[in-house]
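First to last, the sequence lines map onto chains A and B. In terms of our numbering, the first sequence has 241 at position 128, counting the first letter as 1, and numbering is strictly consecutive. In terms of our numbering, the second sequence has 194 at position 81, counting the first letter as 1, and numbering is strictly consecutive.
One should not assume that every hint holds.
Straight-line Cα separation of at most 20 Å, EDC-like style, residue types lysine to aspartate or glutamate; simulated pairs [unchecked claim]:
no.: 1; chain 1: A; residue 1: Lys139; chain 2: A; residue 2: Asp118
no.: 2; chain 1: A; residue 1: Lys223; chain 2: A; residue 2: Glu242
no.: 3; chain 1: B; residue 1: Lys285; chain 2: A; residue 2: Glu277
no.: 4; chain 1: B; residue 1: Lys239; chain 2: A; residue 2: Glu358
no.: 5; chain 1: A; residue 1: Lys285; chain 2: B; residue 2: Glu268
no.: 6; chain 1: B; residue 1: Lys274; chain 2: A; residue 2: Glu277
no.: 7; chain 1: A; residue 1: Lys223; chain 2: A; residue 2: Asp249
no.: 8; chain 1: B; residue 1: Lys379; chain 2: A; residue 2: Asp118
no.: 9; chain 1: A; residue 1: Lys274; chain 2: B; residue 2: Glu277
no.: 10; chain 1: A; residue 1: Lys239; chain 2: B; residue 2: Glu358
no.: 11; chain 1: B; residue 1: Lys139; chain 2: B; residue 2: Asp118
no.: 12; chain 1: A; residue 1: Lys379; chain 2: B; residue 2: Glu171
no.: 13; chain 1: A; residue 1: Lys117; chain 2: A; residue 2: Asp338
no.: 14; chain 1: A; residue 1: Lys139; chain 2: A; residue 2: Asp329
no.: 15; chain 1: A; residue 1: Lys285; chain 2: B; residue 2: Glu277
no.: 16; chain 1: B; residue 1: Lys220; chain 2: B; residue 2: Glu242
no.: 17; chain 1: B; residue 1: Lys285; chain 2: A; residue 2: Glu268
Please keep in mind that the hints were generated in silico from the structure rather than gathered at the bench.
There are 2 protein chains.
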Amino acid sequence: MGVKDSPIGVFDSGIGGLTVMRALIKVLPYESIIYFGDTARVPYGTKSPATIVRFSLESVEFLLERDVKCVVVACNTSSAHALPVLRKYFKVPIIGVIQPGAMAAVKATKNKRVGIIGTQATVRSKAYEEAIKHLDPAVRVVSQSCPLFVPLAEEGMTRGKECESIIQHYCKSLKRSAIDTLILGCTHYPLLAATIQKILGRSIHLIDSGRQTAVDVQGLLMGMDMLCDKRSKPSYRFYVTDENEHFQTLSSRFLGRVVNKVELAKWNR
Amino acid sequence: MGVKDSPIGVFDSGIGGLTVMRALIKVLPYESIIYFGDTARVPYGTKSPATIVRFSLESVEFLLERDVKCVVVACNTSSAHALPVLRKYFKVPIIGVIQPGAMAAVKATKNKRVGIIGTQATVRSKAYEEAIKHLDPAVRVVSQSCPLFVPLAEEGMTRGKECESIIQHYCKSLKRSAIDTLILGCTHYPLLAATIQKILGRSIHLIDSGRQTAVDVQGLLMGMDMLCDKRSKPSYRFYVTDENEHFQTLSSRFLGRVVNKVELAKWNR
Numbered sequence: 114m115g116v117k118d119s120p121i122g123v124f125d126s127g128i129g130g131l132t133v134m135r136a137l138i139k140v141l142p143y144e145s146i147i148y149f150g151d152t153a154r155v156p157y158g159t160k161s162p163a164t165i166v167r168f169s170l171e172s173v174e175f176l177l178e179r180d181v182k183c184v185v186v187a188c189n190t191s192s193a194h195a196l197p198v199l200r201k202y203f204k205v206p207i208i209g210v211i212q213p214g215a216m217a218a219v220k221a222t223k224n225k226r227v228g229i230i231g232t233q234a235t236v237r238s239k240a241y242e243e244a245i246k247h248l249d250p251a252v253r254v255v256s257q258s259c260p261l262f263v264p265l266a267e268e269g270m271t272r273g274k275e276c277e278s279i280i281q282h283y284c285k286s287l288k289r290s291a292i293d294t295l296i297l298g299c300t301h302y303p304l305l306a307a308t309i310q311k312i313l314g315r316s317i318h319l320i321d322s323g324r325q326t327a328v329d330v331q332g333l334l335m336g337m338d339m340l341c342d343k344r345s346k347p348s349y350r351f352y353v354t355d356e357n358e359h360f361q362t363l364s365s366r367f368l369g370r371v372v373n374k375v376e377l378a379k380w381n382r
Numbered sequence: 114m115g116v117k118d119s120p121i122g123v124f125d126s127g128i129g130g131l132t133v134m135r136a137l138i139k140v141l142p143y144e145s146i147i148y149f150g151d152t153a154r155v156p157y158g159t160k161s162p163a164t165i166v167r168f169s170l171e172s173v174e175f176l177l178e179r180d181v182k183c184v185v186v187a188c189n190t191s192s193a194h195a196l197p198v199l200r201k202y203f204k205v206p207i208i209g210v211i212q213p214g215a216m217a218a219v220k221a222t223k224n225k226r227v228g229i230i231g232t233q234a235t236v237r238s239k240a241y242e243e244a245i246k247h248l249d250p251a252v253r254v255v256s257q258s259c260p261l262f263v264p265l266a267e268e269g270m271t272r273g274k275e276c277e278s279i280i281q282h283y284c285k286s287l288k289r290s291a292i293d294t295l296i297l298g299c300t301h302y303p304l305l306a307a308t309i310q311k312i313l314g315r316s317i318h319l320i321d322s323g324r325q326t327a328v329d330v331q332g333l334l335m336g337m338d339m340l341c342d343k344r345s346k347p348s349y350r351f352y353v354t355d356e357n358e359h360f361q362t363l364s365s366r367f368l369g370r371v372v373n374k375v376e377l378a379k380w381n382r
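Produce the complete structure using the sequences and hints provided.
Written out as structure tokens, the structure reads:
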């Protein structure tokens, strides 16, 4: 099997990365994908940089043992903290979601005020902020961590008064800052996009980093001549470190299709 | 150092067990305590029984290496799933929070209708239900998992309209069931007690399993002649598997005092 036929590896701390995989499938419908979710140790967003880096190294190693041709770090928290280390340790191309999201935001903003929402670890890393400033130092950035958004999305409470009241709570400072663009800096947040849009107003441009990442993966594979040139049905495999019904239950909402077979990654972490 | 002077070990998946430690300190002010929080892999409540058991075994082993005279499994999820296995593997007395909470509830209920709120894994285990039925088969039990309560408590959103609206959401079925007693089956929930009481009404008896557990630990140590008989200042040590400011920030709210020194448990999990 040549490199072109090798699968893309997608790594996430849990289930959220399925929204990025969904975007990848849309952009690259002939590519096979191996998804790895570290569901035993999820979430990463409340944890320290050292732990996030360690977990990320172990997870990406698992994917590389399965001969993926590139790795997409779907997890924003991991992308924010671990990407430089991952790139130092491993030779395959590794793409995070921060850079693509930042580029899309800089392109989209008219008034040069961009908001970022994400986990505590992502916000604390200032990774989006730095990526944006690097692209355009004139852009002003406002960040807000939203720890309740992940459980809201997983509970399916993506509309209604409970959800709206939580979004109101977190979006106060964003509203005051007159941003015109908001990066959904966590894989779960696209599920809340409609209600966030309702609260912040239709004029705010929402950036789904995952969607932009998929486009960049296409560019990378094309540039490196690694796009799969077969037009047969691709294969999708799913590995998790904790096996529970959660993954299968939520897959239809996150991936847009039901995952019937999830394999337990056998390792001792 | 004799067994009497040995510390009590408290194990929790993260920070929540500090509410149980707080109750222990109140009941047993002369006992030294070693607290172990598996903050790198927290939460357990969304994970599978196999993973919960594995993590619990490793965590309790860590405490036993530090010569604790007994282990309090402060985590409801771990108590619900791992207690029998822990007791099979280890010789020291191991006390969970389920049995104490169940006993307190059976004692408190007048109309024999008890509600239980907890994590998904705790509710799914039916551990409280079985413990209650064992004590009094006539008691009717209604359970509800409340995945948003832990992040609410950690965010400090324990009052106000966001909090009330989420509690309303989860307590619908409990209200309909005309319970007169509710077990707070997760270490974080005592922080929400005032608002839960407000939503459910003052007539509902709230059971804090942790508080009852502290009383039972006293009974156990007394019965086994293991109570510390020195009247000097006890020592408290705190170990975590992930070191971040979270623990220190939240300790005042959960433990009622600021923890200045937290040690990183050095292991490779």
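Checklist entry - Against which earlier hints does the structure fall short, listed by number upward? => result Checked against the structure, the only hint that fails is number 8, while the rest are satisfied.
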